[in-house]
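Trainee: Read off the chains here:
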Amino acid sequence: MALSLGDYAKGWFKHTNKAERIWLMAKIEFKLRYYENKMGLLWALMKPISDVLVYFIAFALILKVGSPHYVAYVFLGLIIFNYFGECSGGTIQLLQTKRYLYEYTNMDKLEIYLSVILSNFIGFLFNLIIFLIYCPFDGLSFDYHIIYLIPLFLTLIILALAFSLILSNLYLWAKDISQIWAIVASILFWLSPVIYPAEKFHTSLPWLEYMNPLSGLMMNARNILMYHAGIDWKLMGFDFIYALFFLLIGISLLKNLGPTASEKL
Amino acid sequence: METKDDIAIEVFKLSKTFHIRDDNYNTVKQRFFHLFNPAPIRSIHALKDIHLSIHKGECIGFIGGNGSGKSTLVKCMANVYQASQGYVKLTGTTMLMNLGVGMSHELTARENIYVSGSALGMKISQIDTIFNEVIEFAELQDFVNTKIKYYSTGMVQRLAFSIAAHAKADIMFLDEVFAVGDQTFLEKAVKVIEKSWLEGRTTIIVSHSMTLIQQYCKKVAYLKKGEMIYYGDPATAIAMYHQDNHHQS
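Just so you know, the protein sequences line up as chains A and B, in that order.
The C-terminal position of the first sequence is numbered 265 in my numbering, with every residue numbered one higher than the one before it.
The C-terminal position of the second sequence is numbered 249 in my numbering, with every residue numbered one higher than the one before it.
Just so you know, the hints here were simulated from the structure itself, not pulled from any lab data.
Note that the structure is predicted; figures quoted are calculated from it, not measured.
Treat each hint with caution, since some may be false.
[Said to hold, decoys possible] In silico DSS-like cross-links for lysine-lysine, where the CA-CA straight-line distance does not exceed 27 Å:
id	chain 1	residue 1	chain 2	residue 2
1	B	K188	B	K168
2	B	K191	A	K264
3	B	K191	B	K56
4	B	K168	A	K18
5	B	K225	A	K175
6	B	K13	A	K264
7	B	K225	A	K264
8	A	K31	B	K147
9	A	K264	B	K89
10	B	K56	B	K195
11	A	K264	B	K48
12	A	K255	B	K188
13	A	K31	B	K225
14	A	K27	B	K149
[Unchecked claim] One-sided and incomplete, this derived list gives chain A residues near chain B with beta-carbon spacing under 10 Å:
id	residue
15	L24
16	T97
17	L110
18	A174
19	K175
20	T260
21	E263
[Stated by the list, open to error] Beyond 10 Å from chain B on every Cβ pair, some chain A residues (computed):
id	residue
22	M25
23	P68
24	Y100
Built from N, CA and C at the ideal position, the CB exists for glycine as well.
Using the sequences provided together with the hints, build the complete structure.
Mentor: Structure, rendered in structure tokens:
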């Protein structure tokens with residue numbers, strides 16, 4: 001008899017130690033990333049803050065294209081984009097760096113991906129907390145719409161996991177995928193409303209909101225956290241379908257290329 | 001009477017072929033420019049049609065010369081390598097130890113114990129209870145919070161073995177792990193392995209030490225050029241190995 005989704009989920013939390021294991025590995029990964037240098041967690045904050053500063057000077061002060069609450073606007077866009085970047089480009093060599101896990105103890109490779117995505121998500125949440133602390137100083141407040149962050153983050157995690165799977169498995173086939181992805185990521189950055197004011201992005205490239213899942217996620221995150229506007233479900237639906245579509249590709253690659261990882265690396 | 005439930009590892013018609021290109025086209029650019037002119041592929045038949053049934057609690061030895069396929073067979077059995085043909089059926093958790101594969105060298109002994117123990121299916125609370133035993137057995141009391149990249153090879157092997165023994169992996173693959181480590185540790189390790197057989201756990205030993213194989217293995221597989229020439233009585237397998245070596249020299 002086929003297991004229901006509920007039984008499967010229960011198995012993860014009750015009958016096996018999978019959930020506990022993923023959390024343990026995520027914590028260790030997080031510690032390795034942020035506590036191994038003198039700046040510690042502050043390091044995680046340095047990049048978005050320095051980027052915000054540069055964009056604020058360039059766009060708001062010099063080019064005068066900023067909008068109200070421009071710092072919060074850019075900061076939120078950047079932390080979403082950086083999370084996606086860390087999970088995609090930052091995990092290209094995952095099957096190489098974590099091979100001790102699946103060779104030594106025959107661990108399910110998907111668990112390794114989940115732990116790394118979760119570890120990055122802890123860093124993302126840390127940045128988000130800083131954003132939430134900053135908001136009242138910029139005259140921003142939140143309401144019950146904040147609950148919509150749950151489906152939004154779920155979509156973001158699925159999308160990040162999908163690209164992590166796709167890129168790290170393609171790395172087995174082509175070692176220069178990281179250089180190629182650096183170019184793609186750069187294009188993606190400039191085709192997402194990270195630094196452009198929303199209305200200008202919407203007027204100039206309206207179709208891109210539905211073609212680039214990161215655009216939708218950024219716009220909805222701002223709707224929820226900055227504009228009390230709730231969520232654009234149509235945009236959200238598109239993003240969720242994109243995320244699932246890419247996840248299917250990623251899982252298929254893991255299933256077909258993943259078993260050869262030990263031989264090819 | 002032995003039943004199907006007693007089988008820990010079943011290897012059926014296992015073959016492993018490595019397909020190797022003579023050049024190294026491993027970038028998108030190289031693949032694109034050589035799309036219609038791919039380099040010839042060489043096939044190396046590392047394992048040919050291996051059949052094997054290993055029962056729970058058995059200690060099996062794999063012997064053979066360099067390049068005979070012992071380590072490839074172990075990696076296929078541990079699901080590190082994918083079989084080209086046939087299949088491997090495992091019952092229980094596995095742990096593979098060899099000199100190349102190990103724990104994360106960026107982690108401390110403490111972290112490695114928790115990650116490996118958890119990977120073998122233990123809850124954190126269970127790992128807490130065996131933690132001190134693992135450290136004491138590995139004789140690493142003074143290096144618990146040291147990253148293992150600062151350990152000697154022998155220390156890493158002691159730790160890996162200690163985790164496998166205490167975390168009670170159902171199947172242990174020991175690929176030349178006794179080549180390092182001192183005599184005292186070897187004696188301790190062997191005692192633990194002997195105890196594990198009584199608990200129904202299975203051990204596969206790959207070694208060039210015929211003394212070790214003869215002393216502890218119930219059955220021995222002799223491999224030559226990817227084929228399993230003999231599987232059974234250790235003395236016979238070892239005699240065949242020596243005879244072949246003698247002919248070659």
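Trainee: Checked against the structure, which of the hints given earlier come out wrong?
Mentor: 2, 5, 12, 13, 17, 22 and 24
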